[in-house]
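Colleague: Each chain, letter by letter, is given below.
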Amino acid sequence: MKKVLFISFFIIVLYQLSMLGFRVYKYENILKNGKVFYFLPIPIDPRDIFQGRYQSLSFKREKIKSKISLKNLKYGDFIYVQIQKHNNETIIKDVFKSKPSNIDFLRVKFIRFDKDGYLVFKFLFNRFYMNEYKAKKVELLYNKLAKKDKILAKVRVLDGEAIIEDISIDSISINDFLDD
Amino acid sequence: MLGNKLFVKTLKKEIKSWIKSDIVSANDAQKILNYYEQDSYKNSYFYFSIIGSFLIGIGLLSLVAHNWDQMSKTIRFSIAILPLLVAQALGFYILKYKVKSKVWIEGVGIFWFLSAGVAIAIVGQTYHIASSFRDFYLLWFLLLYPILFLLKSDGVAFLILVIINMLFSQTFHNNVDKAIFLILLFLWIVYYLYRYKVFKHSISFAILSYALVFTCIVNFLFFLNSWFYDYMFLFLLFYYIDFIFFDDISSFKRAFGVLGKFGLSIVSLSLLIKGITFEVFDNLILFTICFMLSFIGFLYILNKKRVDDIFYPLFPILASIVLYFPSFLWVYNILFVAILAFMIYSYSLKKEVIKANYVFTLLCVGVFVKFISNDFGFIAQGIAFIILGFCFLYMNLFIRKMAKR
Chain A
678 MKKVLFISFF
688 IIVLYQLSML
698 GFRVYKYENI
708 LKNGKVFYFL
718 PIPIDPRDIF
728 QGRYQSLSFK
738 REKIKSKISL
748 KNLKYGDFIY
758 VQIQKHNNET
768 IIKDVFKSKP
778 SNIDFLRVKF
788 IRFDKDGYLV
798 FKFLFNRFYM
808 NEYKAKKVEL
818 LYNKLAKKDK
828 ILAKVRVLDG
838 EAIIEDISID
848 SISINDFLDD
Chain B
3 MLGNKLFVKT
13 LKKEIKSWIK
23 SDIVSANDAQ
33 KILNYYEQDS
43 YKNSYFYFSI
53 IGSFLIGIGL
63 LSLVAHNWDQ
73 MSKTIRFSIA
83 ILPLLVAQAL
93 GFYILKYKVK
103 SKVWIEGVGI
113 FWFLSAGVAI
123 AIVGQTYHIA
133 SSFRDFYLLW
143 FLLLYPILFL
153 LKSDGVAFLI
163 LVIINMLFSQ
173 TFHNNVDKAI
183 FLILLFLWIV
193 YYLYRYKVFK
203 HSISFAILSY
213 ALVFTCIVNF
223 LFFLNSWFYD
233 YMFLFLLFYY
243 IDFIFFDDIS
253 SFKRAFGVLG
263 KFGLSIVSLS
273 LLIKGITFEV
283 FDNLILFTIC
293 FMLSFIGFLY
303 ILNKKRVDDI
313 FYPLFPILAS
323 IVLYFPSFLW
333 VYNILFVAIL
343 AFMIYSYSLK
353 KEVIKANYVF
363 TLLCVGVFVK
373 FISNDFGFIA
383 QGIAFIILGF
393 CFLYMNLFIR
403 KMAKR
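Top to bottom, those sequences are chains A and B. Residue numbers 678 to 857, in our numbering, belong to the letters of the first sequence in order. Residue numbers 3 to 407, in our numbering, belong to the letters of the second sequence in order.
One or more hints might be untrue.
With a cut-off of at most 30 Å between alpha-carbon atoms, the simulated DSS-like pairs for lysine-lysine come out as follows [what the hints assert, rightly or not]: (1) Lys-703/A x Lys-180/B; (2) Lys-353/B x Lys-403/B; (3) Lys-98/B x Lys-680/A; (4) Lys-824/A x Lys-799/A; (5) Lys-770/A x Lys-712/A; (6) Lys-799/A x Lys-75/B; (7) Lys-679/A x Lys-102/B; (8) Lys-786/A x Lys-744/A; (9) Lys-180/B x Lys-776/A; (10) Lys-180/B x Lys-680/A; (11) Lys-154/B x Lys-679/A; (12) Lys-679/A x Lys-180/B; (13) Lys-679/A x Lys-75/B.
These aren't lab readings, by the way, just hints derived from the structure by calculation. Remember, predicted model here, so these are calculated numbers, not experimental data.
Just chain A, same shape as in the assembly:
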């Protein structure tokens, strides 16, 4: 009985550590091997009681002309969008219900169809956690910027999954910018 208990204990310990380790490995893999894309974000500053303050990012290109084959989507369904670099920014080329192959794509969340026939979706990388004092300043800074396209989110994309590597203003990391 005691032996079973200890074996169970070590399995649980390994299970807990490996669950966390697997997550770290997955994200590190995206950061290491993912392709870089730049997006135009609109930051606002809410807070998460567990993970602290972050920039909640909405993006300027979160919609695409809808297709008939996608008509029966429901709010929250996952769909895939083809992405392409264009003038140091990223544009959405196409949308699919199932995972495409041989193209750069992102897994996104379907939101709704708007009245102009566009499919509105949401990127899954919409948070950028920051130090609590710095986070408050970003939204104000963004509102003061004359040219909103000076602020860019650098995103690493691998097999449809994405992670924000940094947010920059005039090619300077936002953390460094605020430190200065």
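Assemble the complex: chain A is given as a structure, and chain B must be docked to it using the hints.
Modeller: Coordinates of chain B only, in the frame set by chain A:
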């Protein structure tokens, strides 16, 4: 009684008279006092350990939330893992040295729970994971669930149930979300049943029972189309669960019984006040099951000659009158009030003041709301309340007289 400070205080006073009456020797009296006082302190330690661990964990979560961006990833992950490793080491200590103390088990359990939260938070924060609370809670549940069986900590079980509720509250309540909720709840109930076998009389088990019943009541809302008969069915189910599985434990610990009875009375009362609504006809199958269940239960309890328990299954049976004969709502009203009156009488005879007053309060609320909603004249309203007031006073007098006899 064990560990109850008020009890120890009363015991101190009582024990003096025992010594005077030569029931116990002074020496034995001191031994008895020591035993209960010691247990009282143990109880204090128990609560302090839970509160202490909880505060440490919450403190760590707040420190994480500051976001120490100047730290390297390695340092961040070390900080993320360190509390978890400490909690695991303490867990190992408990298992190795077979620590039986609830103070230790609950304290370590809660610390383990929160340190896993800290680890998930740091990883999410470092990689800017846009996971919603839903993903956060789901991972937290998956990391923590196994330690329930390892430590057998009811504090952790309670917190995990809170997580399940929080998780479901963050979802869109579509079929996948509902299925996930039901699976997680089922897994939690496995632990609950595991504890039921041995600990159903303990206070911590009673707290878990109340938490479970509240979880069902709150989230049942997302699984039904019309609330009236669905809730009547749910509360009736609670009532029978209590009758079958918790009959031998003290009344305030019987969450299924307390809330099942309360729920049945409130739902029945709402029918008295609101009358029939069309939603009933959309839910005929569930209602028929509810009716059959009430009827079978009624016969079963009657067969057991438990007159006190017979009233509540009568409510859904009465509600059937309104369903099949909507124009006979007045029959329901009269019968419902008659049952309540009989309940008051029955409890008064048995000197069960709290139960009698509860049913009387129910009756008063019903009459009050009925009068208000139906816009009766002030004279009728006034007379009704004066009569009810006198009845209330008379009932308490009657109970007091019965008690004196």
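Colleague: Where does the structure disagree with the numbered hints, that is, which hint numbers, in rising order?
Modeller: 10, 12, 13
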